[in-house]
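A.B. asks: Fit chain G to the given chain H structure using the hints.
These protein sequence lines are chains H and G, in that order. Using this note's numbering, read the first sequence as starting at -16 and increasing by one per residue. Using this note's numbering, read the second sequence as starting at -16 and increasing by one per residue.
Hints should not be assumed to be uniformly reliable.
Remember, identical chains collapse to one label, so a pair may be satisfied in a single copy or spanning two.
Stated by the list, open to error - Think about it this way: if two alpha-carbon atoms lie no more than 27 Å apart in a straight line, the pair counts; the simulated DSS-like pairs of lysine-lysine are:
| hint | residue 1 | residue 2 |
| --- | --- | --- |
| 1 | 235 | 206 |
| 2 | 63 | 289 |
| 3 | 147 | 258 |
| 4 | 63 | 147 |
By construction, these hints were calculated from the structure, which means they are not laboratory data.
Protein chains: 2
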Amino acid sequence: MKIALLGFGNVGRGAYETLQLLPEIEVKCVLVRNVRPCGTSAVTADFSDILSDPEIELVADVMGGYEIARFYVLAALRAKKHVVSANKELLCKSFSELTSAAFENGVCLRYTACAGGGTPWLFNLERAARCGEIEALGGIMNGTTNFMLHAMEQSGIGFDEALKSAQSLGYVEAEPSADVDGRDAARKCAMSANLAFHTMLNEAEMNVEGIRRVRPCDIEFAKSRNCVLKLIARAHRANDAVNAYVEPRFVKASSQEAQVPGNYNLFTLEGKRLKRQSFFGQGAGMYPTGIAVAQDILDVARGSVKPQETVIAPQSVNNQSCAHRYYVRCGTQQPHEGLMELACERLVTAESYVYITKPVSVFAMHALAQTLRKADPRLFFAGMEEA
Amino acid sequence: MKIALLGFGNVGRGAYETLQLLPEIEVKCVLVRNVRPCGTSAVTADFSDILSDPEIELVADVMGGYEIARFYVLAALRAKKHVVSANKELLCKSFSELTSAAFENGVCLRYTACAGGGTPWLFNLERAARCGEIEALGGIMNGTTNFMLHAMEQSGIGFDEALKSAQSLGYVEAEPSADVDGRDAARKCAMSANLAFHTMLNEAEMNVEGIRRVRPCDIEFAKSRNCVLKLIARAHRANDAVNAYVEPRFVKASSQEAQVPGNYNLFTLEGKRLKRQSFFGQGAGMYPTGIAVAQDILDVARGSVKPQETVIAPQSVNNQSCAHRYYVRCGTQQPHEGLMELACERLVTAESYVYITKPVSVFAMHALAQTLRKADPRLFFAGMEEA
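The following block holds chain H by itself, in its conformation from the complex (with noise of 0.2 Å):
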């Protein structure tokens, strides 16, 4: 099969270099801004030159950006082109109109490289669904937030220095919030669960919560209490709607999730007759996330997956129906009104001030820092699991 590549950056080197291993599929035209070589292919800087050559049978989006590459993807879709994209923010956002305009045309829209990266975890987890209905999942899927508490929580260093240092390694962007404020996460989390649950969640109604305000001394408590501090997307079936939000959370050490290293990713399903699976490995990187965008292109290319109908409905976020106990750490000493009548524990030291709460639903924990943070934009907050 004859296929062009949108971009070559990391990933799309990384994508390249696994296809020339695999003599079925050849890369016949790179798209790039400013024209150099890409390999042994033909390059371009004009995308009409792909679209309207009828021997390219797939197009792989491994570009970024959202407006440009929907323009792009949804051209190639409607010219009857498979499309393999590597693209989250896209997938998340367009989601309904790719599927639709993929179906229509009677070809395939893979993205199974836009969560996990080198963990083969979207892919897995629509295998899963089709045997049986899948009740939970969530994990660690964060790479850059997990580098960071696993450094914090290894040598002691501070949020600062940590960030630093995955932004030294590359692991961060200059701009890091969608990292470090949990939405990277929260993204994945409705990726899956829409895949998972068949349906389309409002990633606006999820309540998510990063890591910007953890200090060492709350990594200390964790230890103190046998647990570690983890970044945790969680997506659930409840009655009527979906339980998915993004927190830390004190797992216990002994869980798989705690021994998660650098920037791994831990992807979890659970169904009852299947029980739980996980799925562990490299969440980003130019050759992990390259090898997923390969992998999808020769199930393209080999006829293993075919044209489907994705059949999504709008479903609400609902985080009112799961509760759990958190831990609060205060930035000042005042009493905060509100969460006194929710502690069960008040622990206070020389620099903190913490409360461990009764089990709270996520929905009232969430607000209520928002509402409490006003007074104290320092408060901490992370779920904890019941012992």
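C.D. replies: Just chain G now, kept in the frame of chain H:
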């Protein structure tokens, strides 16, 4: 697609119930020795009813055993019916014969339930292997022994009590030696290596040590070194051979392997570019394994897998090129010749006499243990992970 099940035990029923959810698959007939109702399908004790039915396009072997299963499966392949098998013994002993028969008759042979059960291991291993070289694989491949070691670690019970507990939960056969002596893990490891490396290993050449001689003091020693005792299988490419072995090992408490509870499994593959991927799940059980069989059937019915030639070359196992330190606990307090010169540490307590060796090849250590056991049959040894 109309199919037949050979057998209706635990796994057969798990597969049957899962297939009821999938309207595209109809279980037309079930083969059982003693005819009894099996769901709503026709039932027969005569295999020729299935073989001669042109409507039945796929036969699923969920019956266990070797000779009869081999006869049925070969006959089905030659009658140009696809075969899905959960029969590890059959696949291991007759891998070459069965894959050839399938390819010659233009049908698929799938067997991903043979190793991993509810963990989608063989499927993902095969998938990873097509996009580049897999350098090593391994993990916790036997749920029964993991359950026993985990119970010993958690409750301080001895081997016999752990075995009884596993038997009472139905995790182990009345004759437990295949599990307890490591042969079941070795078989899964050989199957995995064959799939990943395109080889045909001679299982008899693998060094295999089980957990029959483990005592609470060994588990305590692991804890004192911040380790956990697990039964680990491992295979990796050496220059002109494959290292492949199973042995008890002290894994670091911070490893993924250390946190595998109960009868769960953890399978890992490593590639130069892919890095590490791990797969965690139930290793066995009615639904987990039944679902794996149903997944294979679906893949064939949907055309996601195609008949393929499996190129395999006989490959010798050579464990002389892989070395690490060992813990050796003697059953007597007599100095052991051969061991003295390898030891770099000696620990004597009231109940045990322990050597820690310098790095020794897996081949040499297993051979030495065999020799020493002539005088000291209760001698126990375990590999040690480098700190």
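A.B. asks: Against each hint, give a clear statement of whether it holds in the structure.
C.D. replies: Consistency of the hints with the structure:
1. 235 / 206: both (10 Å within a copy, 18 Å between copies)
2. 63 / 289: both (13 Å within a copy, 24 Å between copies)
3. 147 / 258: Classified as between: cross-chain Cα gap 24 Å, same-chain 39 Å, threshold 27 Å.
4. 63 / 147: neither (45 Å within a copy, 61 Å between copies)
Checked against the numbered hints given earlier, the structure breaks only hint 4 and satisfies all the rest.
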